[in-house]
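S.K.: Letter by letter, the chains look like this.
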Amino acid sequence: MTGTAVIEIEKLHKWFGDFHVLKDINLTVREGERIVVVGPSGSGKSTLIRCINRLEAHDQGRIVVDGIELSDDLKRIDEVRREVGMVFQQFNLFPHMTVLENCTLAPIWVRNMPEHEAEALAMSFLERVRIPEQAAKYPGQLSGGQQQRVAIARALCMNPKIMLFDEPTSALDPEMIKEVLDVMVDLADGGMTMICVTHEMGFARRVADRVIFMDEGEIIEMKEPEAFFENPENERTKAFLSQIIGD
Amino acid sequence: MSETFVRSESSPSLPPPVRRRGILRWVQDNLFSSWLNSLLTIAAVYLLVLAVPPLLDWALFDAVFDGTSGAACSGAGKGACWAFVEAKFNQFIYGRYPDAEQWRVNLAVLLGALGLVALLTPNKLPKGWVLVYVFLLFPIFAFVLLYGGSVGLSVVETSSWGGLMVTLVVAVTGIGASLPLGVLLALGRASRMPVVRTLSILFIELWRSVPLITVLFMASVMLPLFLPEGMSFDKLLRALIGVALFSSAYMAEVVRGGLAAIPAGQYEAARALGLTYWQSMGQIILPQALRAVIPGVVNNFIGLFKDTTLVLIIGLFDLLGIVQANYTDPTWASPQTAVTGYVFAAFMFWVFCFGMSRYSVYMERRLETDRNK
Numbered sequence: 051m052t053g054t055a056v057i058e059i060e061k062l063h064k065w066f067g068d069f070h071v072l073k074d075i076n077l078t079v080r081e082g083e084r085i086v087v088v089g090p091s092g093s094g095k096s097t098l099i100r101c102i103n104r105l106e107a108h109d110q111g112r113i114v115v116d117g118i119e120l121s122d123d124l125k126r127i128d129e130v131r132r133e134v135g136m137v138f139q140q141f142n143l144f145p146h147m148t149v150l151e152n153c154t155l156a157p158i159w160v161r162n163m164p165e166h167e168a169e170a171l172a173m174s175f176l177e178r179v180r181i182p183e184q185a186a187k188y189p190g191q192l193s194g195g196q197q198q199r200v201a202i203a204r205a206l207c208m209n210p211k212i213m214l215f216d217e218p219t220s221a222l223d224p225e226m227i228k229e230v231l232d233v234m235v236d237l238a239d240g241g242m243t244m245i246c247v248t249h250e251m252g253f254a255r256r257v258a259d260r261v262i263f264m265d266e267g268e269i270i271e272m273k274e275p276e277a278f279f280e281n282p283e284n285e286r287t288k289a290f291l292s293q294i295i296g297d
Numbered sequence: 332m333s334e335t336f337v338r339s340e341s342s343p344s345l346p347p348p349v350r351r352r353g354i355l356r357w358v359q360d361n362l363f364s365s366w367l368n369s370l371l372t373i374a375a376v377y378l379l380v381l382a383v384p385p386l387l388d389w390a391l392f393d394a395v396f397d398g399t400s401g402a403a404c405s406g407a408g409k410g411a412c413w414a415f416v417e418a419k420f421n422q423f424i425y426g427r428y429p430d431a432e433q434w435r436v437n438l439a440v441l442l443g444a445l446g447l448v449a450l451l452t453p454n455k456l457p458k459g460w461v462l463v464y465v466f467l468l469f470p471i472f473a474f475v476l477l478y479g480g481s482v483g484l485s486v487v488e489t490s491s492w493g494g495l496m497v498t499l500v501v502a503v504t505g506i507g508a509s510l511p512l513g514v515l516l517a518l519g520r521a522s523r524m525p526v527v528r529t530l531s532i533l534f535i536e537l538w539r540s541v542p543l544i545t546v547l548f549m550a551s552v553m554l555p556l557f558l559p560e561g562m563s564f565d566k567l568l569r570a571l572i573g574v575a576l577f578s579s580a581y582m583a584e585v586v587r588g589g590l591a592a593i594p595a596g597q598y599e600a601a602r603a604l605g606l607t608y609w610q611s612m613g614q615i616i617l618p619q620a621l622r623a624v625i626p627g628v629v630n631n632f633i634g635l636f637k638d639t640t641l642v643l644i645i646g647l648f649d650l651l652g653i654v655q656a657n658y659t660d661p662t663w664a665s666p667q668t669a670v671t672g673y674v675f676a677a678f679m680f681w682v683f684c685f686g687m688s689r690y691s692v693y694m695e696r697r698l699e700t701d702r703n704k
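In order, the protein sequence lines correspond to chains E and R. According to the working numbering, the first sequence holds residues 51 to 297 in order. According to the working numbering, the second sequence holds residues 332 to 704 in order.
With the rest of the complex left out, here is chain R (with noise of 0.2 Å):
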């Protein structure tokens, strides 16, 4: 019996069979699909039972929302003290900045994400103007708004600037600083130039062997011993030059990480065709260094924004410390009080970098349906 065969005709293209689909269909295979999961769905459900009723007890049907004084707040089976929260609200996000000038804060938040947007989101405009304006110009305008002292505007000292609006300061200042010098620096450790290779590898395991709280400290405390009398600099000032440089020896090793993954061949390709050094890295080599390492990116910016609460250590009051400030106060005294104001701080935290987080899963899965590598 011989085993040839000779296709006479074609056969067509069918489409695939149909699933049968529903609800009860999804329950029972992500639910219930074996006996540990059965198991462990059932051990959730009871937890969830046991956490999600006195959760919301707690956060909504105890809670208090109308009020003037911890007195409102106090007393057996009462929950969140939000009406605390809603009294000092203000005070959370501006600090003490002057409520008559708190419209420049404003305007300086919305110029800000006017930037985001332009340089986040797919669009037309042209790139190197948005990088102008994120790099150059906003801040500009940003300090110009916020400290003022000049267009008119009458000077607020960093030490009224408090809350939320420090909080997003120093972690603006610090993610936007730490990407460009990350970039440079991690190009840095790369040359083939011995002093820039030295400077920048002595540069980057300096800072990130030291803990950021100790370079807060020694920003704010050693720094004025070694400048002249009289002179001093902004508190606020250390923070963020501080801050810039610890958190742009982090970006330097993750960057790095981005362009040991990319293959020597786009190199020689760029470098065959007569494009300078930093043609071929700005043009072929970044961008897909940087699009490799957007996780390892935004983990870093989703970190460093936690992290500027350490600017407690030095006397400035961001989100968390002017809520820890406030929750002293005598006229809110009560045995929710502290809890609220923390679960509140824990809320916008979370707010922002969940964005962020979320933000970096939609560019990756963009960037990846986009461009097939």
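With the rest of the complex left out, here is chain E (with noise of 0.2 Å):
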């Protein structure tokens, strides 16, 4: 995959008080990659991709994302943020306003779009991801997986160049989760930029350029997806797999 490198993660560690939570990350991922994090609990990978927007700090060693380099000043950290979209766990998504509001709340007072404008925009993602006609609703009324379509298409509005996802399926109810899936998919066959820490194996096998697996703060194994699921070679790796395919 040629490419620029739209984000550089050089020699990079962080410690939570004396735990070493990163030990010696890096990465280097190019346009339109679609890079899947695994791994046990524990091993960094949701601390790893918040460094990327600046929800942790790191402590040593670089950042760079989309040419900017990651460090305590904060006019380049919102710079950064704006160009990289991140979806949550618990969806985040603002309870006291409607699902149209949060889809153009950013682009109304971060990029200064006109509201017409910016509501537009919203109903095309909220379109894209399947639920137009949620738009004049509360999240809380929603279920789960439409939440998290929502969360995205929120991301989205911003039209970032990097789309983060942290585990955006293990809080959903089963049957909810393919739905979140399809629209990932879709996203990704469309050429975003997209980092995703998952348990879902099936969808690293259908979308990912590279599976990295991550245990005690460490990248363990990076491969392509068929090497990494047929031929595993590190021991660590072996085992987890074995654990989550189970056979």
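I should point out that these hints are in silico values taken from the structure, not numbers from a laboratory. Bear in mind the structure is a predicted one, so any value in this text is a computation, not a measurement. Ideal Cβ positions, reconstructed from N, Cα and C, are used throughout, including at glycine. Mixed in with the good hints, there may be bad ones.
[Said to hold, decoys possible] Below, in silico cross-link-like pairs of lysine to aspartate or glutamate (EDC-like), each with a Cα-Cα straight-line distance of 20 Å or less: (1) K455/R with E151/E; (2) K61/E with D109/E; (3) K288/E with E274/E; (4) K61/E with E268/E; (5) K125/E with E599/R; (6) K61/E with E151/E; (7) K458/R with E151/E; (8) K273/E with D74/E; (9) K187/E with E699/R; (10) K73/E with E268/E; (11) K458/R with E268/E; (12) K211/E with E225/E; (13) K566/R with D660/R; (14) K73/E with E266/E; (15) K409/R with D393/R; (16) K455/R with D74/E; (17) K73/E with D123/E; (18) K409/R with D397/R.
[What the hints assert, rightly or not] What follows is a set of in silico ranges between Cβ atoms, one per label pair, in the way DEER data are often shown: (19) D109/E with L442/R: 34 to 42 Å; (20) E488/R with K187/E: 35 to 43 Å; (21) G613/R with M272/E: 37 to 45 Å; (22) V337/R with K187/E: 35 to 43 Å; (23) V448/R with S174/E: 36 to 44 Å; (24) G613/R with D109/E: 27 to 35 Å; (25) S481/R with K187/E: 46 to 54 Å; (26) D223/E with E695/R: 26 to 34 Å; (27) Q191/E with L568/R: 26 to 34 Å.
Make one complex out of these two single chains by using the hints.
M.R.: Next up, the structure:
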């Protein structure tokens, strides 16, 4: 895959107090690449992607997103966040606003878009995630799958270059996982640069350009999905896969 | 015998059974549902029978409605001296504000009421303009109207203000200032910048550890000592500043509770979208946090409203103060004058405080049913 590098992570370390949560992470993500990160809980995969949009601050090393190096400079952090969309495990929709208002808030306030233009934009994305009829409802009135799709639409309304997904289907009832994964596959097929932390191996096989296995803060193995699932080399990868896929 | 089952046709949805209704049923369910409840009901009825007739006698049947002096209210078997209240009513409301200028007070109250209605009821008015009116324009209008000195209005010194008017001025200023200031202090206390956080904590803890009466006393007596010769601060203004700062410290802690109740994910989602700190606070966090602490906030408002009576300590005559000043009037001396005056003052306070309380309930109900968390 050739293309400009949109995310460069070099020698990244992070500690939570004395706990070394990310150890020497090195990763380059190119435009249009789809990366899936898997691993046991506590492996640091969520922390890693949260470092990419500075929801967590790294302690050592460099992260460069879309040409901007992440540091304590608040202005530059806001610039990065405009180009990086994030979808959370707990949806984090704003409960006091309608679905439409959730989606138009950022374009209006951050990109200074006029209201009618933002609404048209939001409706187009709500159609893309297949729930335009819910626009006037409040998040509390929607099912989990619908809420997560609204969250995806909300992130897309900012026209980000990169989308980060932090276990987007882990809080969903099984019958709703498919509708969200379908939207994500659709997005991936459209050429969006994505980093997705997930346990959904079917999704990884279908969509990923690379699968990364993390454990105890390190990248253990990184391969194309075919090679990753058919031929894992590291012992820990094998152990993890046998638990997840269960044979 | 096997335990298998396969449904062949769906059951229809039926309406629920109708319960027998009626007053007797309600009485039976609520007042006499158990032996303990029945005993309590009987005890309560007995207490009501003991208390209500004498109260009614005093307030209505034996009360004196007409009269021009205390003599009319003296004598055995006389109840409330409403004639006294009627005679002094103007003073109770306006203090010593000149009669000819009282329309200014009425106009100020009307403008204030309009602002409140615009702010507090669901409507289509642009929120930004309503806030500008309530927090910026109205205070200016009110000051110009009440004090005068410009636009062709004569000056009415604050020493002439009194009664319910003073109570409302102090309470509205205190309430209006304490909420925005309290929010800023709460945000300051939660800030990651050490200077801001320390200053906020110091401010809050200082004002919370001193009684309001001391604050008023210090503002009134000690402030002039620190000011240069000849420069003096209007007494009412001193009270307003003291009350505003005092109540904002209490409000800060209530708001802080609300902020703590908002899940971290809300803030993260807002920031991840690229919203700045103030945009996240104003659009996402504060609307939710303030909704969550309406009971605490209104509680503070009600307490503040009643605390305004303490301005008597610095020689300002609020509603209670002016009632007290008047029942020493020799023309109206009678055994019932003082009591009637106090009951009247209590009733006025009750009207405002209960009104605020009911409004709070209305707001909570409206927000809960409109939005599902």
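S.K.: So which of those numbered hints doesn't the model satisfy?
M.R.: 6, 11, 12, 13, 16, 17, 19, 20 and 27
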